[in-house]
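Novice: Sequence:
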Amino acid sequence: MGSQPRVRFQRLRPGALAPRYMSAGAAGLDLASAADEAITVAAGARVAVPTGLAFEIPHGFEGQVRPRSGLARKVGITVANAPGTIDSDYRGEVQVLLVNLGDAAHVIQPGDRVAQLVIAPVVIAELEEAASLTDTARGAGGFGHTG
Numbered sequence: 349m350g351s352q353p354r355v356r357f358q359r360l361r362p363g364a365l366a367p368r369y370m371s372a373g374a375a376g377l378d379l380a381s382a383a384d385e386a387i388t389v390a391a392g393a394r395v396a397v398p399t400g401l402a403f404e405i406p407h408g409f410e411g412q413v414r415p416r417s418g419l420a421r422k423v424g425i426t427v428a429n430a431p432g433t434i435d436s437d438y439r440g441e442v443q444v445l446l447v448n449l450g451d452a453a454h455v456i457q458p459g460d461r462v463a464q465l466v467i468a469p470v471v472i473a474e475l476e477e478a479a480s481l482t483d484t485a486r487g488a489g490g491f492g493h494t495g
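This note's numbering puts the sequence shown at residues 349 to 495.
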């Protein structure tokens, strides 16, 4: 296996929980609410949940903030901009933008796990403007084009 990136983090709030992998095979680190009090997410509403954490992600990597499958399945809570991106040059507090797709309000308590963070490599593309692009069998076929 290749070398693992070292990701440093800083607690910005007293109640912030360290991110951690919950099993040996987990791809994502769990992120928890570090809010000062409970946050109610009404059905259809969006909220920014503070984690109380800032990260130093190495150049060439990003942090992908993804939903927790249990919250999504049980109550309809997911990450609104999934996956949210934490760039390697961002040093502010990570907040998780949650949306409630369920039919009832859900209360998030301080310390509740709200998302997971996956550290992933980034490829920086070299862009070239062109007058035309090469043809493919699919062409401009979009949403639902392949069945």
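Accuracy of the hints is not assured; some may be wrong.
[To be verified] What follows is a set of in silico ranges between Cβ atoms, one per label pair, in the way DEER data are often shown: (1) Gly-459 <-> Glu-404: 20 to 28 Å; (2) Leu-449 <-> Arg-361: 44 to 52 Å; (3) Ala-453 <-> Asn-429: 16 to 24 Å; (4) Arg-356 <-> Ala-428: 54 to 62 Å; (5) Thr-482 <-> Ala-390: 45 to 53 Å.
By construction, these hints were calculated from the structure, which means they are not laboratory data. C-beta: ideal position from N, C-alpha, C; glycine also.
Novice: For each hint, tell me whether it holds in the structure or not.
Specialist: Evaluated hints:
The given range of 20 to 28 Å is respected by Gly-459 and Glu-404, whose C-beta atoms sit roughly 24 Å from each other. The hinted range of 44 to 52 Å is not satisfied by Leu-449 and Arg-361, whose Cβ atoms lie roughly 28 Å apart. As the Cβ distance of Ala-453 to Asn-429 is approximately 21 Å, the hint placing it in 16 to 24 Å holds. Range check, Arg-356 to Ala-428: about 27 Å between beta-carbon atoms, so the 54 to 62 Å window is missed.
Under the hint 45 to 53 Å, the C-beta atoms of Thr-482 and Ala-390, about 48 Å apart, fit the expected range.
Of the numbered hints listed earlier, those contradicted by the structure are 2 and 4.
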